[in-house]
Amino acid sequence: MSSTDAVAAFCAAACQKDVDGMVGSLAADAELMSPLFGRVVFRGAEDVRVILGAAFGSLTGLRWQEIVGTGSTRVALSQARVGGVTITDAMVVELDDDGRIRKICPHLRPWLGLTMLALMLGPKLIGHPGVVLRALTGPRAPALGP
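For the sequence shown, the numbering used here assigns the number 1 to the initial residue and increments by one for each residue that follows.
Just to be clear, a hint being listed does not mean it is correct.
[To be verified] Cross-link-like lysine to aspartate or glutamate pairs, in silico, DMTMM-like; alpha carbons within 20 Å at most: (1) Lys17 / Glu66; (2) Lys124 / Glu46; (3) Lys124 / Glu66; (4) Lys103 / Asp18.
Since the hints were derived computationally from the structure, they do not count as laboratory data. Predicted, not measured: the structure shown is a model, and the values here were computed from it.
Given only the sequences and the hints, what does the whole structure look like? Please build it.
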C-alpha cells in the first residue's frame, strides 16, 4: 500500500465510520497518541481499533479538507461536529517503510469540542478497561521539549 493510499484510505473509511477500513490502513504495531492526555498512547492495531471506533463513532459530518506532506509524514486536516460543537483536527500521521500508518497524533481544537469528545468517549470505553489500562501504564509518549 502506498503512503498516499494508506492515508487516503484511512480518511475515506473514517467518513463512513468504517472501523475495519481504518484499521486496514494501519501497521500491526500502530500507535495513537491521546489528544486528551499528552503521554497516553494506545498501541497495537486492536487497541487502536477500539479508540478509533469510539472517537469516530462520536463524530457527525466529518469532512477531510486536505492531506499534505512528503516522505513518511502526512498531515490530514478535517472538520466535524461532536455533541453539536464543531471540532477541527490537524492529524499528524507517520508511515512505516511499507506505507502503512504507524503513528497517529490528533491535534484537536477548540477546547469545547475536545471536551465534548472526551465526555462522549468515556461511556464508550468503559467496556474496554484493558485497552485503557494498557494505554495508561505502557511506555509513555515522549515529552515535548528538553
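Results of checking the hints against the structure:
no.: 1; hint: Lys17 / Glu66; verdict: holds, 18 Å
no.: 2; hint: Lys124 / Glu46; verdict: holds, 15 Å
no.: 3; hint: Lys124 / Glu66; verdict: violated, 29 Å
no.: 4; hint: Lys103 / Asp18; verdict: holds, 19 Å
Checked against the numbered hints above, the structure breaks only hint 3 and satisfies the rest.
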